[in-house]
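Peer 1: Protein chains in written order, with the numbering used here: chain A, 1 to 305; chain B, 1 to 305.
Treat the hints with caution; some may be incorrect.
Where chains are identical, the list cannot tell them apart; a pair therefore holds if satisfied intra-copy or between any two copies.
[Unchecked claim] Straight-line distance between alpha carbons at most 27 Å, and here's what the computed BS3-like set of lysine-lysine pairs gives:
| hint | residue 1 | residue 2 |
| --- | --- | --- |
| 1 | K259 | K301 |
| 2 | K78 | K59 |
| 3 | K138 | K74 |
| 4 | K199 | K217 |
| 5 | K199 | K142 |
In short, the hints are calculated from the structure, not lab data.
Number of protein chains: 2
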Amino acid sequence: MSLVVIGTVAFDAIETPFGKTDKIVGGAATYACLAAAYFYDKVKIVAVAGDDFPQSEIKNFNDHHVDTEGLQIKKGEKSFFWSGKYHNDMNSRDTLATELNVLADFDPIIPENYQDCEFLMLGNLTPKIQQTVIGRFKTRPKLVVMDTMNFWMDIALNDLLETIKMVDVLTVNDAEARQLSGEYSLVKAARKILAMGPKYLIIKKGEHGALLFNEDKIFAAPALPLADVFDPTGAGDTFAGGFIGYMAKVGTVSFNNMKNAIIFGSALASFCVEKFGTEKIRNLTQQEIAARVQEFVSLSKFEIE
Amino acid sequence: MSLVVIGTVAFDAIETPFGKTDKIVGGAATYACLAAAYFYDKVKIVAVAGDDFPQSEIKNFNDHHVDTEGLQIKKGEKSFFWSGKYHNDMNSRDTLATELNVLADFDPIIPENYQDCEFLMLGNLTPKIQQTVIGRFKTRPKLVVMDTMNFWMDIALNDLLETIKMVDVLTVNDAEARQLSGEYSLVKAARKILAMGPKYLIIKKGEHGALLFNEDKIFAAPALPLADVFDPTGAGDTFAGGFIGYMAKVGTVSFNNMKNAIIFGSALASFCVEKFGTEKIRNLTQQEIAARVQEFVSLSKFEIE
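Could you put the whole structure together from the sequences, leaning on the hints where they help?
Peer 2: Here it is in structure tokens:
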């Protein structure tokens, strides 16, 4: 039994109103694995990097009990690089540079020892690659969660729709849900997206929390109101990693378990934005996470008889 | 003991993507009184109208047990008129016409029989008038709730700041909280606004729910995700009316009671937007309201040990 995460590992250069970084380690799979590993001890990564990717980062994965057998290191090649600058509201950003490098011809390898995968997280990547990965498991995992973004809706919609059909849970933000469905109302958007295949849809609304849809049921999770959002990079990936890590921990797929998974994922995402990159989510204690989750409980709890 | 609501009564002509109305009865006090009256049977209105205001509307107030002694009818004058058109996203609108008419020299009269007021709702109006009303009560009401809008921040900021200082609860939307405080983060905005005087701040976020701030405590209420928002006019006033109506019913001012008041106010607001104007909130049953409140409970409930 294991949880496999596929996605990017990357170098990011980030500029926010609070400062800027040189190239630091990022990527959807990095954030998701680190987050998932707080809840589940059999997390396995599938990704590709160049030989510029530091050994210390691989050691950091292993220190968090993340299996890196599926992390391909391409000799003489460079890792994926992204650079972006956030606007003052922290809700929008400009991409300054995207260098695909090793990602351009990424062929994901699933090691034999990953075939026990029960929980599969498809981090944001080309839909074709996400689809390939599902097909490379001899037994379909019990729960397949897929993250994607507007970029693929713009340039690879058919591939995206084919891939969406194959997954159990889709996570998108509110703008993406509207784009994908052509509906402004998120309730109508959710109905249309659920009709595309996934049994569950999570709509991420940033500072406004998240909505979980399944059949006619809806759960609204709050976001923790924060005085400072230092760097939003990776918050969505951290959320997804925390979500599926919690699901792997409890083991049973149900709407109620997913509600809690969303709260745990949101709690980890709320840590993520407090520092640049992965800095904050590298060294959390279970006590810190439990305390943060309790903040979500008291934030949203009310008693009406 | 009573609940007094001051605000506009008006004619509105509304255009939404779903249709348009002729002049229909609206105004902050109209929505707030109708909403409050579902929870509390001693609601009293302070407002002004022209003699074009239909007798049937006054009868409708009375049928809902709203005392109209403080509703001045100005012979030979016309009621306040507003006309607006909502954009396709229903979150923004253009004002097509504003005719102040009787509102231009509104001098609110507080009938002697209103002096038992314990709960005072200051609907959106000139801050000077809101301030005058507070001063006309011989005993300061136990809870003073004030609604306002960006318009007064633009043209009467000093008056607004003076009035805010005198109230217990301020309700604004997120853009207004940012404008009033000069802070983008709603947590920082809330700190600054609470420092201006009010003990409680409610930030209304439309489809994203509402936040209640008091000292270091925060409560996040969800909004009910709706397939169709037919007409948002009056939703904020209905929310405020439901909020203070529930507070008057329970009688005790506390953070926990305010949490529930926000849920009841949000439930009424969710009805309001389902039809044009006040149509939907004129004829609700207690059973319908209770069922809607239970939707909010199941929407946001999760169990983490």
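Peer 1: Broken hints, numbered, in rising order?
Peer 2: Going through the list in order, the structure violates no hint and respects every one.
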